[in-house]
Amino acid sequence: MRVIIPVAGAGLHLRPHTYTQPKPLIPIAGKPLLAHIIDELVQNGFTDFVFVLGYLSEKVRAYLLQTYEGRLTMEFVYQEPRLGLAHAISLTQPYFSAGEVMLIVLGDTLLRADWERLRQSPHSLIGVASVERPSDFGIAEIASDGRIIRLSEKPLIPRSNQALVGMYVIHETQALFEAITYLMEHRITSHGEYQLTDALQRMVELGVRLYAFPVEYWLDCERRETLLAANRLLLDRISPEPIPDYPYTVVIPPVYIPPSCKIYRSIVGPYVSLGEGVELQNTAIQDSIVGSYSRVYDMLLHESVIGGDALLTGRQSSLNLGENTVIEL
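Residues in the sequence shown are numbered consecutively from 48, following our numbering.
By construction, these hints were calculated from the structure, which means they are not laboratory data.
Values in this document were obtained by computation on a predicted structure and should not be read as measured data.
Be careful, since some hints might not be right.
[Claimed, not checked] In silico DSS-like links for lysine-lysine, alpha-carbon gap of 30 Å or less:
(1) K309 with K106
(2) K309 with K78
(3) K78 with K106
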């Protein structure tokens with residue numbers, strides 16, 4: 048089973064971070080988002096990958112080669128212009144022979160699934176999960192036997208709360224490529240792009256059987272809130288490392304702090320991930336991500352994402368308060 052990971056998007060919802068850093072390389076819990084996705088797959092026996100690159104592609108390619116060359120089989124295709132997910136998948140057609148099974152996992156999606164069951168299934172599978180706002184996602188309508196009867200991309204009036212989570216197992220790869228070709232030849236788009244959801248819906252209409260595959264958990268890391276949620280989830284899962292003693296500092300696990308960090312007179316945690324070489328001084332920080340070589344002085348931070356090589360300073364205060372005093376700073 049060959050894995051396609053599309054990582055071509057510009058990550059508009061995570062700006063300003065993605066002006067200079069591709070979204071898949073934003074660090075959480077000690078390593079880039081993309082590395083968490085790949086490592087989960089590798090641990091479950093997947094070693095053959097096709098990456099669809101686009102925005103800041105050379106940074107992504109360089110990271111993948113530096114980290115995984117010699118360990119994985121990797122192919123790279125480039126999506127320019129970026130016309131949607133279906134268009135991205137169409138570019139991988141030369142790497143798939145007739146009958147070869149395809150696993151698509153989006154490069155900004157953290158999920159956990161029963162991978163062995165997925166590998167053993169004779170059917171094409173679409174990963175799904177219940178959501179509160181289905182109109183924000185691709186949606187599957189599912190029959191009682193698990194077969195998908197209809198797919199729609201961000202419908203105004205959803206008829207299901209089962210969202211597509213960005214994981215697809217396709218046995219009928221030729222039928223998928225033909226469906227995408229049909230969309231592009233007839234200029235059938237949704238929300239201005241060629242959508243994989245629409246191609247899969249055409250397969251359903253032509254009689255291809257697709258089945259829903261509930262996942263154990265799923266986080267779509269395209270916004271700051273879900274990025275921080277993913278950081279919390281991953282910090283709870285990783286094995287804690289010994290934490291050095293920092294002067295006049297309290298560390299509240301779970302946290303990720305590289306040995307190269309310098310911390311003085313601060314409170315760190317819970318749920319804080321620091322990059323290499325970060326400096327904290329007179330700072331209380333929780334539920335946050337700080338990029339490599341950033342410096343934070345005299346601050347109180349929570350639910351924050353700070354990019355690499357940034358400088359953030361506050362202001363120290365010295366107060367002498369009498370009784371019945373209220374000060375709001």
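Against the structure, the hints:
no.	hint	verdict
1	K309 with K106	27 Å, holds
2	K309 with K78	19 Å, holds
3	K78 with K106	15 Å, holds
In this structure, every one of the numbered hints holds.
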